[in-house]
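With the hints as extra help, turn the sequences into a complete structure.
In the order they appear, the protein sequences are chains A and B. Going by my numbering, 141 is the number at position 141 of the first sequence; the sequence numbering is gapless. Going by my numbering, 8 is the number at position 8 of the second sequence; the sequence numbering is gapless.
Don't take every hint at face value.
Said to hold, decoys possible - Partial list, derived from the structure: chain B residues whose beta carbon lies under 8 angstroms from chain A:
1. Ile29
2. Gln35
3. Asn36
4. Ala81
Quick caveat, the hints were computed from the structure, so don't treat them as lab data. Even for Gly, the Cβ is constructed at its ideal location relative to N, Cα and C.
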Amino acid sequence: MNQQELIPHLFRSEFSRITAVLCKHFGIGHMEAAEDIASETFIAALETWPHKGIPENPTAWLYTVAKNKAHNYSNRKQLFTNKIAGQLKYLSASSVEPEIDLSAQHITDSQLQMLFAICHPAIPTEAQIGLALRILCGFGLEEIANAFLTNKETIKKRLARGKEKLQAENIAIELPAPPEISKRLETVLITLYLLFNEGYYSESNDNTLRKDLCLEAMRLTYLLIENPFTNQPAVNALLALMCFHASRFEARKDETGEMILYQEQDETLWDNALIAQGAYFLKEASQRSRISKYHLEANIAYWHTIKADTKEKWEHILQLYNNLLQIAYSPIAALNRTFALSKANGKAAAIEEAEKLQLTDNHYYYTLLGELYTGIDNERAKQYLRNALTLAKTNTDKQTIAKKLSDLTE
Amino acid sequence: MLIFRHQDGKEVASPEQIQVWMKQTMDWIGGIAAQNKYVLGNGLPFDDAKVVMTKDAKHVVTNGPFGDIKETIGGYIIVKADSVEEAVAFAKGCPVLQGEGNSVEVRKIAKGDGTH
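Below is the structure:
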């Protein structure tokens, strides 16, 4: 790997490791400083390596520089504190700075603890996702703005407010105590679930970025599985869900970046290794457990890894949606359930149920009605699809609906 | 609250028929949940059912409640309905009603603040 490739590659992985360890070391109030030290470390590499060549062990080089910069920072901080405290002598005597530990184990521990600190219910979910991307995944502001389809300034403010709030609340960087862990884990899982969805369903054209978001969400979820305290069934279920979805990553867009619908995907492009991993985590999740919404969604995703359109498959999916809606209603689940109903019990039954939903501000609702009426009353189907087209917001959705409409007209 | 009264399925139907009823019930509940109107529910199996009564100032425990009535409570669900009419409309879809003599009772739940 040459220099041009090596530094960005190292940046992605090492920036987040250094930042997490330094946050843990200095405390939640010093997130900004931790980021700065990590950034300055990479600037030093960019300045030094072109002249002196790439060091034998680039990571170790980065860690040494980061440690030195961190020591300078804590000396300045100490000096400042001492001055404020009226140069109290005992302070400097008693405060021997503990060593900054950049061992693999400590990096993992720090990242896991930071994950809990960042996914704290004190700050809004959007800020949690943004901070996770910055601090735990080493994404730049530009990339985060891209993923959220907004501008850099908005993200900058959002992250700054999040950090201030975490500091004001004096959130500890530690694993929550066992009685609290399940409750806090719920918030963490929601954030990781949304982070993954951000990548999977994002309208951003940057395919690499979208894939990176998904992979990072999976990596962070795996951090939770590696630790015995956080290796809980719902975590395994969530990772299974992510694996099943991610298995279709290569099959769901064509060369021009246009969405390929599930039914039209080339299943030879599905990633069987990821499907197998998903099945493994789903099995782990199901061993000793209360059924979470992630279990049900992972099971639904599992059935979607089987392409054949059997009645058995749709009956399973229907019952899973029936259960999912009982514990976690969402309009999209209600619509998907009705689609499964049409496959399992026939279109007539599904139309009757669909008409009760009355999700009249949702273009997926009209798309579904359009599909259900196709072949039964094509004029009505077209009318519904035209309604859907008026309500659709994204280009992908508009293209999909327009295609269905033109198929009907032919 | 929708309370189902019916005979013990195991005494009147084959396991296959019970499977069919189960699916119909799940689909019925799923349909209510898809409208975001479902709160919770429970099936009440007839196995090990007991009745505790007071007779001559003493507690008497019997197997039951299968004495005089054939149709006993087999389960219930709680729904969010805007009106009694809406709750009745949900009840009409209940698969239990396929059996002659079975019933679904529609009841309000006391709010716990003195009003109903």
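State the violated hints by number, sorted upward, taking the hints as numbered earlier in the document. 4
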